[in-house]
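Based on the hints, put chain C in the right spot on chain F.
Which chain is which? The protein sequence lines are F and C, in order. Per the numbering used here, residue 1 is the first one in the first sequence, and the count goes up by one each step. Per the numbering used here, residue 1 is the first one in the second sequence, and the count goes up by one each step.
I should point out that these hints are in silico values taken from the structure, not numbers from a laboratory. One should not assume that every hint holds.
[What the hints assert, rightly or not] Dumping the calculated SDA-like pairs for lysine to any residue here, alpha-carbon to alpha-carbon at most 25 Å:
#	chain 1	residue 1	chain 2	residue 2
1	F	K130	F	E152
2	F	K349	F	F387
3	F	K7	C	F192
4	C	K229	C	R210
5	F	K130	C	T137
6	C	K359	F	L395
There are 2 protein chains.
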Amino acid sequence: MSVSPAKPHRVVIVGAGFGGLETTYRLAGAPVEITLVDRRNHHLFQPLLYQVATASLATSEIAWPIRYLLRDRREVTTLFATVTGVDAAAHRVLLEDGSSLPYDTLVLATGARHAYFGHDEWEPFAPGLKTLEDATTLRRRILVAFERAERECDPTRRAARMTFVIIGGGPTGVELAGTIVELARSTLPRDFRRIDTSKARVVLIEAGPRLLAGFAEELSAYAQRSLEKIGVEVMLGQPVTDCNREGVVYGGNRLDAKTIIWAAGVRASPAAEWLGAPADRAGRLQVDPDLTVPGHPDIFAIGDTVTIAAWHGQPVPGIAPAAKQQGRHVAATIKTRLEGGKGGPFRYKHAGSLAQIGKRLAVIDFGRIRLRGTIAWWIWGIAHIYFLIGLRHRLSVALSWLWIYARDQRPARLITQGSSKVAR
Amino acid sequence: MSVSPAKPHRVVIVGAGFGGLETTYRLAGAPVEITLVDRRNHHLFQPLLYQVATASLATSEIAWPIRYLLRDRREVTTLFATVTGVDAAAHRVLLEDGSSLPYDTLVLATGARHAYFGHDEWEPFAPGLKTLEDATTLRRRILVAFERAERECDPTRRAARMTFVIIGGGPTGVELAGTIVELARSTLPRDFRRIDTSKARVVLIEAGPRLLAGFAEELSAYAQRSLEKIGVEVMLGQPVTDCNREGVVYGGNRLDAKTIIWAAGVRASPAAEWLGAPADRAGRLQVDPDLTVPGHPDIFAIGDTVTIAAWHGQPVPGIAPAAKQQGRHVAATIKTRLEGGKGGPFRYKHAGSLAQIGKRLAVIDFGRIRLRGTIAWWIWGIAHIYFLIGLRHRLSVALSWLWIYARDQRPARLITQGSSKVAR
Numbered sequence: 001m002s003v004s005p006a007k008p009h010r011v012v013i014v015g016a017g018f019g020g021l022e023t024t025y026r027l028a029g030a031p032v033e034i035t036l037v038d039r040r041n042h043h044l045f046q047p048l049l050y051q052v053a054t055a056s057l058a059t060s061e062i063a064w065p066i067r068y069l070l071r072d073r074r075e076v077t078t079l080f081a082t083v084t085g086v087d088a089a090a091h092r093v094l095l096e097d098g099s100s101l102p103y104d105t106l107v108l109a110t111g112a113r114h115a116y117f118g119h120d121e122w123e124p125f126a127p128g129l130k131t132l133e134d135a136t137t138l139r140r141r142i143l144v145a146f147e148r149a150e151r152e153c154d155p156t157r158r159a160a161r162m163t164f165v166i167i168g169g170g171p172t173g174v175e176l177a178g179t180i181v182e183l184a185r186s187t188l189p190r191d192f193r194r195i196d197t198s199k200a201r202v203v204l205i206e207a208g209p210r211l212l213a214g215f216a217e218e219l220s221a222y223a224q225r226s227l228e229k230i231g232v233e234v235m236l237g238q239p240v241t242d243c244n245r246e247g248v249v250y251g252g253n254r255l256d257a258k259t260i261i262w263a264a265g266v267r268a269s270p271a272a273e274w275l276g277a278p279a280d281r282a283g284r285l286q287v288d289p290d291l292t293v294p295g296h297p298d299i300f301a302i303g304d305t306v307t308i309a310a311w312h313g314q315p316v317p318g319i320a321p322a323a324k325q326q327g328r329h330v331a332a333t334i335k336t337r338l339e340g341g342k343g344g345p346f347r348y349k350h351a352g353s354l355a356q357i358g359k360r361l362a363v364i365d366f367g368r369i370r371l372r373g374t375i376a377w378w379i380w381g382i383a384h385i386y387f388l389i390g391l392r393h394r395l396s397v398a399l400s401w402l403w404i405y406a407r408d409q410r411p412a413r414l415i416t417q418g419s420s421k422v423a424r
Numbered sequence: 001m002s003v004s005p006a007k008p009h010r011v012v013i014v015g016a017g018f019g020g021l022e023t024t025y026r027l028a029g030a031p032v033e034i035t036l037v038d039r040r041n042h043h044l045f046q047p048l049l050y051q052v053a054t055a056s057l058a059t060s061e062i063a064w065p066i067r068y069l070l071r072d073r074r075e076v077t078t079l080f081a082t083v084t085g086v087d088a089a090a091h092r093v094l095l096e097d098g099s100s101l102p103y104d105t106l107v108l109a110t111g112a113r114h115a116y117f118g119h120d121e122w123e124p125f126a127p128g129l130k131t132l133e134d135a136t137t138l139r140r141r142i143l144v145a146f147e148r149a150e151r152e153c154d155p156t157r158r159a160a161r162m163t164f165v166i167i168g169g170g171p172t173g174v175e176l177a178g179t180i181v182e183l184a185r186s187t188l189p190r191d192f193r194r195i196d197t198s199k200a201r202v203v204l205i206e207a208g209p210r211l212l213a214g215f216a217e218e219l220s221a222y223a224q225r226s227l228e229k230i231g232v233e234v235m236l237g238q239p240v241t242d243c244n245r246e247g248v249v250y251g252g253n254r255l256d257a258k259t260i261i262w263a264a265g266v267r268a269s270p271a272a273e274w275l276g277a278p279a280d281r282a283g284r285l286q287v288d289p290d291l292t293v294p295g296h297p298d299i300f301a302i303g304d305t306v307t308i309a310a311w312h313g314q315p316v317p318g319i320a321p322a323a324k325q326q327g328r329h330v331a332a333t334i335k336t337r338l339e340g341g342k343g344g345p346f347r348y349k350h351a352g353s354l355a356q357i358g359k360r361l362a363v364i365d366f367g368r369i370r371l372r373g374t375i376a377w378w379i380w381g382i383a384h385i386y387f388l389i390g391l392r393h394r395l396s397v398a399l400s401w402l403w404i405y406a407r408d409q410r411p412a413r414l415i416t417q418g419s420s421k422v423a424r
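One chain only, chain F, in its complex shape (with noise of 0.2 Å):
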């Protein structure tokens, strides 16, 4: 480092996620002194949260405490605290408790939840999936579904309770329909005794022409097949216009549905609104092609909460290589300008795209390569090993997958939090 300053340059980050973390790992060496702040005490492995929504997988095995991540960097304190805002005047980041932390630099990698597009009344009826308890209220809904129908004499009602709507076909709604169905279907038929649970409807709404609008067209194609052959509904060009406690109402049709997820879409942290920023309509930030805030250059924002168009004049995609590339090039940026420089525009190189699609099935999207079926599915399993954190953590959730793959076995089928009532 040529120029170290007496006083060490503060940053603040606020989102342990991929992007955050990330831009936390390539700071190491440089002079600097970071506060990363999470109102989560653990990073969480999002592409894998369907598998612990169905019981494929145990909540710590896709989630790591922040400070373990980081405990051999000195210069990083990690905060456990909820950020309500920024004074970007003072150079502040304001924390729910009333106080506040001084930056000189700034990345808010802060993410987003579901939305529902106006429609937030339908939350309760069709919950999305964003956090890991996000994961088990899902999981706990799916298995009580199966629990009720089983003690449901009513043929109608039963029915209703053995009917799971996933509303979005993207990778997240058909990674759940996938699974869902293997649940019913694989795992769960020998353990009932009055209903036959692979009788159970799958249905999956996409009100866009085709799944995976990410993808190929030829992928989308062969998913929805892939999906229809296991047994998923598909029902494509479908906007949902109700959702309540009976079912859900989609082109004029209605269905009966005790178990409804939301996997349609997303909006954006507060993170604009901190900073009185322009955002899209999902209050997404735009940012400039440094990833700095318009007016604030010492603002960084990055991952799921921006919209940049640096993928050959393209929106870069919400997943977590986008967000991972975006904090390695903050920290390269704050390193140069430390060193006098000044740092260049942030250009998205894709890798692919990857979703499963059931057991042993998936696809991938390189660009020119286009890869299906089992091979992908290999593909895409050793890559989410491998992007898995510590060996600890990949020997596990091997062992998880080699029980599925074997035995249709998922060890993690806890019903938790709330169950006394919900048995009622």
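Using the frame of chain F, we list chain C on its own:
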């Protein structure tokens, strides 16, 4: 089988803990139709629950879906429901939804909850440990205590946040105290920047004259010395007279502590009340020598919800092996009766008492043979892995323990459920 009635004998078993599950297992092959009712969907390996509370094991490592355990027993129906009473005259078990289950033979294996000896107002400040939710709640409280200490500037308040009080010096209290000290001294120190977690105080308060009252005195003394050596403050002969938001009062002293854990006593399930049967002070049903309820020859009661002096005239201890032996006895008696016999009295055979004290330290009381230290710890570990159900869980727990043994790392350090609230 000699006598196989045209209509199979209906056995209802309430509770899928060690006793109820063993009864179900041992009735295999008998001409019976079994309904196993539990208000949880999972069987829990309670002896290791303290390891979930201290982030050593994940919830799914010590729990199994009950249906899954009995998937191949076609004559067994698993019912996920809460029992509210028994109509002994009508031979029916009453469920919370107003329905009821007919039985020819009933087995009550409904366990116990922690109890506050007339001080229920202490529960919010000193939670106990009986369910998976109890364990994740304790885990959250312990981890949040360190998080808040890290953010606390006032030294007195910081000390209170770093003081952990465990009330009750039985095996659970000893195991919790030993593991929390380990967490504070071995696992966490490098994670924090402002506090020295190894300075955390862990105080174990026992009203009686020694720890581990069920063990030989020399092992109690050894356990105390060992705990003190690794840093636990042991207070004997000190009944707790108050618990509140600020701490505990014991033997006239007040101790400021933000985390208090109750491991001091249990109260039996309301099985005795359901039947209007005689019970001891802790609500435990006093059963006849053959484990039937006095005046109800068709109702057996076993496990933590009963008291019986069947251990050379002494009360049978409230531990898993005792519940399993009782389950075995009840199954044998039911089979004998179906063959026209009568069945005999239950006699408890004590295999031994085990307790882990800390890393690589345990005590085992086999009666004549008493073991302590590292050798006892290995036997303790191997015995517990042996008693887990299925290879999958054994491998998973062995992997977790290997990591703790070798690296002092506890992967399940997750603050979940209400984390954004508690961070305030």
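*Enumerate the violated hints, using their earlier numbering and listing them in ascending order.*
Those not satisfied come down to hint 1.
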